[in-house]
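Visitor: From first to last, the protein sequence lines stand for chains D and Y. The first sequence begins at 1 in the numbering used here and counts up by one. The second sequence begins at 1 in the numbering used here and counts up by one.
Don't read these hints as lab results, they were simulated from the structure. Among the clues, some could well be false.
[Unchecked claim] Far from chain Y by the CB rule (all over 12 Å, computed), these chain D residues:
| no. | residue |
| --- | --- |
| 1 | Gly48 |
| 2 | Ala118 |
| 3 | Val208 |
| 4 | Ala220 |
| 5 | Pro223 |
| 6 | Pro299 |
| 7 | Thr310 |
| 8 | Asn313 |
[Stated by the list, open to error] In silico lysine to aspartate or glutamate, EDC-like type, Cα no more than 20 Å apart, as pairs:
| no. | chain 1 | residue 1 | chain 2 | residue 2 |
| --- | --- | --- | --- | --- |
| 9 | D | Lys137 | D | Glu296 |
| 10 | D | Lys65 | Y | Glu117 |
| 11 | D | Lys95 | Y | Asp540 |
Backbone N, C-alpha and C define an ideal beta-carbon position, used for all residues, glycine too.
Spelled out, the chains give:
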Amino acid sequence: MPDKAPSQRKPVQKHSGTACLLLGLCLSLSAGCRFRDPVIAVIPRTTGTALWEPEHEGAARAAAKAGLQIYWNAPTREDDVQRQIALVERIIDQKYAGLILSPDQSLALMTPVRRALAHGIPTVILGSPLPMKPGGKLIYVLSDDGLAGQMAADRVGQILHGKGTVAVLGIDPDIAGVLDRERSFEKALASGYPGIRIAAKRMGSFNVPYEQQIAEEVLAAHPDMGVILAVTTDATRGAYSALTEMHLAGKVKLIGCDQDLLTPLTTGEMDSIIAEDTYDMGYRAANLLARARRGEPVPALTRVSPKLITKDNLGSPEMRRILGLDAR
Amino acid sequence: MRASRAKSRVPARRILIAAVVACVIVAIALGVLAYLRSPQRDLPYRDSFASGTADEWNAFGGTWGIYDGGMRNDSDERGAKLMTGSPYWRNYSVEADVKLLGEDGDAGLVIRAGNVEDGVDSYNGYYAGLRTRDNRLTLGRAEHGWWEGPTVSIPGNVHAFQWYHLKLLAYGCQIAASATYLPTGKTTTVAMTDKDCLKSGIIGLRSYSSGGEWRNVVARRATEADLRAMVIEADSSRKLSSNAAAPIFGSGSLPSHLALQPPPPESAVQSIASLRLAPASGAMQATIRGVVSLTSPAIYVQDSTGGVSVLPQSAPSLKVGDEVQVTGAVDAHAFSSTLRNATVHLLWARSPVSPVSVTASQAATGAFAATFIEVEGRLRSKNHGTGDQLVLDLDDGNQSFRAIVDEGRGELLFRRLKPNSLLRLRGICVVDPNFTRNLTPFVLLLRSTADIEVVSGPPWWTARHVVAIGFVLLLLTLIGHFIYSRAERWRLRAILEERERLAHEMHDTLAQSFAGLGFQLQAIRNRMPGDIPAVHQQLDLACDLVRHSHEEARRSITALRPEALEPLDLVPALENCARKMVKGGAVSIQVSRAGEYRPVPLRIANALFRIGQEAIANAVRHAKPSCIGIAICYSEDALRLEIEDDGAGFISGRETRGFGLRGMRKRAAALSAHFEIISTPGRGTRVIVTAPLPPRPTLNTFPAYLWKRLWEIYPHAQARKQTYPHSDRG
């Protein structure tokens, strides 16, 4: 009996050896799948523009450092809210590791973001806030629109030397940051430059001809207009078109918001642009998501300072980084 | 020893055969897989779009359609794509004639693409395009973002509405592109090496802001020599090219309008909504600005206040999304306006406007006339309209409406649209009676078939599906019934065969033994001296008993033999049986038959035969009749069997004690037959069985019969168990 035991054990050992080999193979295969870099989704308002491509660059760089991959996509138009909602829904369904979203519309994106949070997806709102309190898995990385308003007021004060008229165009309630920007501008102007009067305030849209039409009406109604502050890219384009058509480009100073038209800066047809540092915001957002995934405490709200771009500083390294001119 | 070897060889051979079969199957599967994944499959691929269909192409944005033998995207949408091909194509080139439809943007070809989605650069692949902003041939890699590679300027600039021949080649990790201006034949080439390159993928047509037109698309296998030839060309192009490339975001230009268009004539621009207030008498000239929302079958322009239809003096090259200034004579209608004899001035290209989501009821009010809307409706019918138009009739709640769209990329979508599907449509809401013909409150003019989205298919409980399901159920029931009937028949056959075997056994053993026993007893009796009458008497008694037992055995054998019923015609079977029983006697057999003969199911025929056989046997055994009558009457739904004798009869009510009578009753009950015995002492006995027959199978009667039969199966089976408790064992 004792001499039989080894011979009986042998096949068992063989089988267990094979089983171990198979188990190891399965584990290594599953490990190959399981330990692939987690993917975070970055959904800006649109893609392929000077405003949003730097965010891609910043987010990709921070994600690569943190061992994350990114999925980058957005609607082809900034006003295509339905498409952006559909993208967020897909990200929820496909259980991405995190979401960085620049909402096209502050109210309409609330429900999809709540759904994402309910599914445990840490979410960074980038650029403009939603009417939701940050905290927990909801993190805000916002452009400091209050500071943008202050900067615009200072620039207007500087141009008009403390006295004159200004028009504010493109006030779009769909984007909360735009309202903040405009209110801050008014406040700063009233306190710092009481000699400057806001001659016209107009609501805005994503329609350039409409914005141009409004700008032309304002310019026709106020021939003494000194400065136009256009608080969105479409309003900037509309105002610029109106100025060139009315042969007022360069005479009525145009301060635009959000980097889009750059060539008129170099020709002097535009005075300046208050640019959002979307590169920095993208970098910070991806970094915060990575930290949140590791369980580290992260600030619920981060504000990133905008930058004033003029003809003089357009070629500086910082501005080139913000504008994504050195990317790739 | 040999046997054991042979035994061991059998499984070995089986294993070998199984292994060979498995190997063959695996080899075939691998072969099919290798064929499907072959980098050369379907190459070369050609599509001149001459057939008017492009079913294998998939659109991602844009308004794609076949016009004048070319594929056209009439939309300013950034990054609109149309894709086709095999994801396993590796080293190949794609080339086509390309024309830009706008002054600002780019259009070109995509190669080795995968993960394609809606979006500006939402795919992984390589793109080469002609770009108007900097007049360059651009080459780069998209990976849900744009990584621009080398660009080279096109001598003489990039011209919209001119044909270029564009070629894009991928071999290994080297990508090369060339553009030839067809009127002059001048070629510009650019090449790049991507270290961590995409290895394979599909081809595509793509435009950014400008829209575009493509024709003569050819994809073919590429060799290293092809690549080398292009790279040499690229080197010479680079030397000739200036390097002043502006920074570009996305694969195309920023939608800039700078100095691309001459300024429009100065005029007072008014809102589109204000056109409806134009005086009814006298032509009023007006100028509006807006975005083109539709180009075919009519031009519509929209601003933030509404939309207007435009009838231009000459056919302008407009795309959906172009921002234009239009001046023309105003025709004000109730819900919208038209600008006649209009001059259209292109301001710049821009993304198309977004639709307003409304319900059909809201659209039917006219509040959204001439506006780009999105509406849902259930498809009621689809038809081909005049020319290449598709006409869809839809409704949503209380409102019906119609959608009209150019056939565009062929009939594929039209074929896929199923009535009662829920569709989401995007198009211009038109209340003009020229389109509605006053049949529906509004008509939706769609930009392309891409504006039709199937939200959900038709509900499964359509009349057609219900009929189909009913038919399938009926078919299954019929098959089930057929199988059950067959099984019953086989069971009965088995029982009959077993009985026959028993009859043979009894004949060969019991009956032969009785015969031998009787013979031996007779022989003993014959040899016995006649002076012992008591023994003679006992031997006579024994001989009688043996004879009686022999007769019983013969009768049992007769009863067990199934060949009596072989013809399945009860009358000759019972007559034959009766004549055998009374053979040698003075009993006469009278047979009568009434009604039209029809085949009787074996189950019923067998039971009636047994009942008749038992009745005849009882008459012969107990009644001492002079005549036995057998009568059968066939009617439409029943079969009546009467066995009548003129024998002794008995008092009704006492027959229940007999085992034979009880058996007859049970057999009758198993058939749901009516069983009756009428007997009076001295006046004979009449046994009447009336068994229901299945109706003749007609379309009207068969379902009812089937239902009845199905309900009868269970009680019948129960009754059968009671009647033949051991029949299952044969």
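Visitor: Hint by hint, which ones does this structure get wrong, listed from lowest number up?
Guide: 1, 3, 4, 10, 11
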